[in-house]
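Student: Put chain B on the given structure of chain A with help from the hints.
Those sequence lines, one after another, are chains A and B.
Start counting the first sequence at 286; every next residue gets the next number (my numbering).
Start counting the second sequence at 286; every next residue gets the next number (my numbering).
Don't take every hint at face value.
Any copy, or any two copies together, can satisfy a pair, since identical chains are not distinguished.
[Unchecked claim] No more than 20 Å apart at the CA atoms, straight line, and that leaves these computed lysine to aspartate or glutamate pairs for EDC-like: (1) K593 / E570; (2) K535 / E570; (3) K423 / E396; (4) K511 / D499; (5) K584 / E538; (6) K372 / E465; (7) K584 / D416; (8) K584 / D336; (9) K584 / E465; (10) K511 / E381; (11) K445 / E569; (12) K399 / E538; (13) K563 / D307.
In case anyone wonders, no lab produced these hints; they're calculated from the structure.
Protein chains: 2
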Amino acid sequence: MNLLIVGSVATDTIETPHGSVDHAVGGSAVYASVAGSYFSNPGIVGVVGGDFQRKNINLLKRRGIDLEGLQTIKDGLTFHWSGYYEKDMGQAFTRETHLNVFESFRPDLPESYKDVPFVLLGNIHPALQLDVLSQINKPKLVLCDTMNYWITSAPELLKKVFRKVDIICINDGEACQLCETNSIPVAAQQLLKLGAKRVIIKLGAHGVLLFGKDSFFALPAIPLTKVIDPTGAGDSFAGGFMGCLSSSKKLDETAYRRATVAGTTLASYCVQSFSCRKTSSLKEEDINKRAQLLVEATKLPKLRFTTKKR
Amino acid sequence: MNLLIVGSVATDTIETPHGSVDHAVGGSAVYASVAGSYFSNPGIVGVVGGDFQRKNINLLKRRGIDLEGLQTIKDGLTFHWSGYYEKDMGQAFTRETHLNVFESFRPDLPESYKDVPFVLLGNIHPALQLDVLSQINKPKLVLCDTMNYWITSAPELLKKVFRKVDIICINDGEACQLCETNSIPVAAQQLLKLGAKRVIIKLGAHGVLLFGKDSFFALPAIPLTKVIDPTGAGDSFAGGFMGCLSSSKKLDETAYRRATVAGTTLASYCVQSFSCRKTSSLKEEDINKRAQLLVEATKLPKLRFTTKKR
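This is chain A alone, in the form it adopts within the complex (with noise of 0.2 Å):
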């Protein structure tokens, strides 16, 4: 286990434009660990309830997850949420969201945990990301991914994570909604300012942007002529992402693009399919295969104009 992931462990109810499920497996805790378990052997930290069903804890055993961290409260129920999506899909609306033995979870890292030098905070409560990392001895990296929900219900307490992390990863509304301003490299600036080593800004279908003190990367997305379901693509981003860099040998510019690739692979698998059904079945040759679109798609000859003389 070199890759701590917290989040939620969730059963998902969903409709799209092309199709739905009925509590298939989802949460940010599980997508991140099942797209990072390709490139490392990440743990989570989480909890479920009773009626958690025993082939979703065997597709994570089956990826090499580390469960050692995931509580269950046998008498409880796990977090369920319903939603769906219309035609464009650029939001997911809530029906329904019980977080049931969420509500008084309380992260307690198994010993083993506690030297981890990857961690990857997934979409969850603030206090809950606080919490976890309060527990961790020496982290090499953290990064913290997060969503509107909480920008809009506890600003100052994310901000609070983020003066702890090396990497924060938000989509471009969000950042620019907790940055109040629309420019995306000017939200970036700001976030930057709070300490992180890199900002990573996700655009959707757009792709993703990485901004550093001094450095500037874009990758676009996977160009899909069909999208089943997007939910869980940004946790699969940053699932593969940090498994990936948790892998390298340095953490240097070149590792993080790397990553980056690996984070945009996988969150292309992810909205093929509901759930993790893709995410979780991947070969080599498939992630391999599409990193290379991305290479040849970013692809530029070495560059020189000259200008006509006026």
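Tutor: Using the frame of chain A, we list chain B on its own:
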């Protein structure tokens, strides 16, 4: 003259959160030809009224732009657009449009224009684009740019133009509107089926996508912390793109990618001032500096992922 540009020649009254201009020189043919003039020798097909100021003519002449195809109707008024942008500057709102001399404009190409190899059908009524195209003998490469106004008011005529050109240049929302889809890749595939070699999808601040039958290229925009006025960005892109392409020896994928960098660079300078103030006074180094930034921003290492065996 190796690049014919047809489009509007106008004066614009514009208000943005960062200031305003009154009757500044504008129009798609102006923005595009100024941008293209760094790489090639463009000529304009268009019309102005007797009120079109000498200083505007001089600006175009200084940029080496051929004006033999620019008609002057002495007792008419130049096309005038007045509009404003709100805080996020994502959309232009029109206050007034006076077509003036454009209302009865019939392009009449000078003999010297009819053998031009490269043609940019700038944003203007598709009927005028068709008219110009019909007068050119055997162009080597034709690009058609457009905007939502023509998609709404003349979609079938616009598709007729698209069927006759090599490159379609359109923004994301417009492509989706025209193709009745929410998916950019789906729209691009549909547009390619009309016969174009490449479809350029402009994403505004998110850059640009270049779709071919068997190719896909994505380029981010230059990250700017301050945008003064977005007017003319798309025209400057198209002009820079075609200017660069018309100076290329080969017309292959590499040339298209180079041209995309040129267009992106010119568009980035365009939005940093009103009218053509910035794009008319660039130095070679200004262009190469931003081109280099794009090269850096898209650079990827060699990639080959080895996944964990599970």
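Student: Take the hints in turn and mark each one as holding or not.
Tutor: Going down the list of hints, with the structure as the test:
Taking the shortest Cα distances, K593 and E570 sit within 20 Å of each other only across copies (12 Å), while inside one copy they are farther apart (47 Å). With identical chains, the CA atoms of K535 and E570 are never at most 20 Å apart, being 24 Å at best within one copy and 34 Å at best between copies. For a Cα distance limit of 20 Å, the shortest separation of K423 from E396 inside one copy, 13 Å, qualifies, whereas the shortest one across copies, 76 Å, does not. Only between protomers do K511 and D499 lie at most 20 Å apart by alpha-carbon distance; the minimum there is 18 Å, versus 36 Å within a single protomer.
Taking the shortest alpha-carbon separations for K584 and E538, both the intra-copy value of 17 Å and the inter-copy value of 10 Å come in at or below 20 Å. Proximity of K372 to E465 under the C-alpha cut-off of 20 Å is restricted to the inter-copy arrangement: shortest distance 12 Å between copies versus 29 Å within a copy. When the C-alpha separation of K584 and D416 is checked against a cutoff of 20 Å, the pair qualifies neither within a copy, at 43 Å, nor between copies, at 37 Å. When the C-alpha separation of K584 and D336 is checked against a cutoff of 20 Å, the pair qualifies neither within a copy, at 49 Å, nor between copies, at 47 Å.
For the identical chains of this complex, K584 and E465 are neighbours neither inside a copy (34 Å) nor across copies (31 Å), given an alpha-carbon limit of 20 Å. For the homomeric pair K511 and E381, neither the shortest alpha-carbon distance inside one copy (27 Å) nor that between copies (40 Å) is at most 20 Å. Taking the shortest Cα distances, K445 and E569 never come within 20 Å of each other, neither inside one copy (38 Å) nor across copies (45 Å). In this assembly of identical chains, the alpha carbons of K399 and E538 never lie at most 20 Å apart, being 27 Å within a copy and 51 Å across copies at closest.
Taking the closest pair of Cα atoms, K563 and D307 come within 20 Å of each other only inside a single copy of the chain (17 Å); across copies the shortest separation is 56 Å, beyond that limit.
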